[in-house]
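Assemble the whole structure, with the sequences as input and the hints as a guide.
There are 2 protein chains.
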Amino acid sequence: MTDTLPGTSLPGLSSVRHKVGAALTGFLDAKDQAAPGTELLHLTTTLRGLLSSGKRLRAVLCVYGWQAAGATGEMTAAIRAAASLELFQAFALVHDDVMDDSDVRRGQPSAHRALAAAYTDSGGPHGRAEAHGVGAAVLLGDLALVWSDELLHSASPAPSQLATLLPLVAEMRSEIMYGQLLDLQTTGRLTGDVETALRVIRYKTAKYTIERPLHIGAALAGATQPMLDACTAFGIPLGEAFQLRDDLLGVFGDPAKTGKSILDDLREGKATVLMALAVQRASPTELTTLRGLVGRSDLNEDQASQVREILDATGARQTVEEMITTRRNAALTALDEAPFAEAATARLRQIALTATERQT
Amino acid sequence: MTDTLPGTSLPGLSSVRHKVGAALTGFLDAKDQAAPGTELLHLTTTLRGLLSSGKRLRAVLCVYGWQAAGATGEMTAAIRAAASLELFQAFALVHDDVMDDSDVRRGQPSAHRALAAAYTDSGGPHGRAEAHGVGAAVLLGDLALVWSDELLHSASPAPSQLATLLPLVAEMRSEIMYGQLLDLQTTGRLTGDVETALRVIRYKTAKYTIERPLHIGAALAGATQPMLDACTAFGIPLGEAFQLRDDLLGVFGDPAKTGKSILDDLREGKATVLMALAVQRASPTELTTLRGLVGRSDLNEDQASQVREILDATGARQTVEEMITTRRNAALTALDEAPFAEAATARLRQIALTATERQT
Numbered sequence: 004m005t006d007t008l009p010g011t012s013l014p015g016l017s018s019v020r021h022k023v024g025a026a027l028t029g030f031l032d033a034k035d036q037a038a039p040g041t042e043l044l045h046l047t048t049t050l051r052g053l054l055s056s057g058k059r060l061r062a063v064l065c066v067y068g069w070q071a072a073g074a075t076g077e078m079t080a081a082i083r084a085a086a087s088l089e090l091f092q093a094f095a096l097v098h099d100d101v102m103d104d105s106d107v108r109r110g111q112p113s114a115h116r117a118l119a120a121a122y123t124d125s126g127g128p129h130g131r132a133e134a135h136g137v138g139a140a141v142l143l144g145d146l147a148l149v150w151s152d153e154l155l156h157s158a159s160p161a162p163s164q165l166a167t168l169l170p171l172v173a174e175m176r177s178e179i180m181y182g183q184l185l186d187l188q189t190t191g192r193l194t195g196d197v198e199t200a201l202r203v204i205r206y207k208t209a210k211y212t213i214e215r216p217l218h219i220g221a222a223l224a225g226a227t228q229p230m231l232d233a234c235t236a237f238g239i240p241l242g243e244a245f246q247l248r249d250d251l252l253g254v255f256g257d258p259a260k261t262g263k264s265i266l267d268d269l270r271e272g273k274a275t276v277l278m279a280l281a282v283q284r285a286s287p288t289e290l291t292t293l294r295g296l297v298g299r300s301d302l303n304e305d306q307a308s309q310v311r312e313i314l315d316a317t318g319a320r321q322t323v324e325e326m327i328t329t330r331r332n333a334a335l336t337a338l339d340e341a342p343f344a345e346a347a348t349a350r351l352r353q354i355a356l357t358a359t360e361r362q363t
Numbered sequence: 004m005t006d007t008l009p010g011t012s013l014p015g016l017s018s019v020r021h022k023v024g025a026a027l028t029g030f031l032d033a034k035d036q037a038a039p040g041t042e043l044l045h046l047t048t049t050l051r052g053l054l055s056s057g058k059r060l061r062a063v064l065c066v067y068g069w070q071a072a073g074a075t076g077e078m079t080a081a082i083r084a085a086a087s088l089e090l091f092q093a094f095a096l097v098h099d100d101v102m103d104d105s106d107v108r109r110g111q112p113s114a115h116r117a118l119a120a121a122y123t124d125s126g127g128p129h130g131r132a133e134a135h136g137v138g139a140a141v142l143l144g145d146l147a148l149v150w151s152d153e154l155l156h157s158a159s160p161a162p163s164q165l166a167t168l169l170p171l172v173a174e175m176r177s178e179i180m181y182g183q184l185l186d187l188q189t190t191g192r193l194t195g196d197v198e199t200a201l202r203v204i205r206y207k208t209a210k211y212t213i214e215r216p217l218h219i220g221a222a223l224a225g226a227t228q229p230m231l232d233a234c235t236a237f238g239i240p241l242g243e244a245f246q247l248r249d250d251l252l253g254v255f256g257d258p259a260k261t262g263k264s265i266l267d268d269l270r271e272g273k274a275t276v277l278m279a280l281a282v283q284r285a286s287p288t289e290l291t292t293l294r295g296l297v298g299r300s301d302l303n304e305d306q307a308s309q310v311r312e313i314l315d316a317t318g319a320r321q322t323v324e325e326m327i328t329t330r331r332n333a334a335l336t337a338l339d340e341a342p343f344a345e346a347a348t349a350r351l352r353q354i355a356l357t358a359t360e361r362q363t
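Just so you know, the sequences run in chain order A and B. This note's numbering applies: residue 4 is where the first sequence begins, and numbers increase by one. This note's numbering applies: residue 4 is where the second sequence begins, and numbers increase by one.
Hints are computed from structural coordinates only; laboratory data are not their basis. Hints may contain errors.
[To be verified] Computed cross-link-like contacts, EDC-like style, restricted to lysine to aspartate or glutamate with a CA-CA straight-line distance of at most 16 Å:
1) B/Lys34 with A/Glu174
2) A/Lys22 with A/Glu77
3) A/Lys34 with B/Glu178
4) B/Lys34 with A/Glu77
5) B/Lys263 with B/Asp249
6) A/Lys34 with B/Glu174
Keep in mind it's a predicted model, so treat the numbers as computed, not measured.
And the structure:
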């Protein structure tokens, strides 16, 4: 993928990612310098590590939303808003890993594990390391959350612009938390409740990851309601397709390509649409197998294969593939009809195709 | 204490507390009604329980700061800002209890314990209850934090007013989190570092609990810089005195009067000024005793008595009493010199005296 579209001045993916990275680094540098002591450095170092990885999808969508709504030229405000979404996402990941007790995030130790190690390295007693790591990670997430606010506020020079942005951001935050809550309540309970699994996807991914970043960028560009509605019409089906693809890759993917374990979701008992469909359609024998295996923290590869066979045999996998296709097509149709700036439309189409493509 | 001051229309403590309670209830009712499902009810019920207790000190100070800066009449905005501080405090308490793994808060089960129980009551597997409680409490704290924002934003009808408020709120949040971090890093490490113990107090209590609520209320009333400076001159020494008193009561208090255990701080190894002074002055034998006992989670009353004797014998307790007196006097002198509205000054004096008085 080239980094500018021919014939336009629209910066491409890697350029946006780079600018967002620079905004984040500048913000954290200022925080380190303003800190009343050196104690904060453990936390900001951990945060920098987390922010330096990742695809910055939300940031990219925020900037493309801004461009889709017709903005051009000076993009400092859009980059800051985009960077604030990445800080917010860092908050969500750090707390999510605490909630799930995950050891690894983006190929590195998760924040609570890294902070536990830093504590013993600095002479803290071993017996307190784990509890300290969790405490420090809860705090790090809190800091990332309030800092995402500060960075966002710095993105809007006009108070009236802030008044437009804040309700959108409030919605986004309530949505992700509602999605997390549903996730927390359903994980580990094997059911055939496809409807609830779809609601989790809608809140955690479709709205939070796709629709709201587009909205926030578009609002910064002074978007009208039809423009925001077009972001929704494109963003919701794309977000659902994206998460459905992610769920398939989490069970059937190639870890070498995706960087994602294909045991974790099964071990955790993640209540995906895929699993709910299989439970709905499973024979009594298949159901017994699923109940015995899904959610076992010591699930091995052989057992995972048995589960995969049932996901195939019940047609659950195939149905999810069809759901992805339907949603991707709906997103692309919505994009064709959207009143977006042309160059942004081309970029969004690329993202839609890449994020949902079949990789297995 | 009567509930209005004679000759003024200034509402007293219980009236402010009542109005703040009504604002919080109204806000949470609206959240429950707007929720996309019933899953949120567990969380808001837990939050309501937490908010219904407590002295609402920050809310009261916010309203008095507003009045000190000369505001009168319609107080909806001040009450909403005050209520938002209570929601923020609920966030801080819920996460603090997760970090400290505390079982009890304000005489009730802490949020993560209550949510673990609710999970098993609703049919969740027992083996996951504790982890679920922690996860749900992290999420509940996050929600309280972002909702405190929404409530604050609803307090300022004019965008320009919001632009004045937001940096103060950002400061307040960074301060409490920095204080929490220091607390987390020092707890369980017995040192004679009085300076760091005082920094924890300054950030966690003096600034967060006293100075910033006054500032936020005063800023809502359009306070000038000298007015904000007067809030600082009064608030910082008062806040330090208040926390030093609280630390003494946490070791020497009468639980029947204070509702506070006198073993918890010692068991946790809380790095108070009191303890740092004792460590500085302890004989080698006394130091060995302190190191052997402070921070033991199974510390019994006899062992606590031994620690108390050392706190007395080293003069640490007496020094802390003197530090309280010095700071209380400084606060009262600052109050005499402050350009505050008279009725608010009288209220603030009452609070200063009550919060720091000797109770043992």
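Evaluated hints:
1. B/Lys34 with A/Glu174: The hint holds at about 12 Å.
2. A/Lys22 with A/Glu77: 12 Å, holds
3. A/Lys34 with B/Glu178: 12 Å, holds
4. B/Lys34 with A/Glu77: 38 Å, violated
5. B/Lys263 with B/Asp249: 10 Å, holds
6. A/Lys34 with B/Glu174: 12 Å, holds
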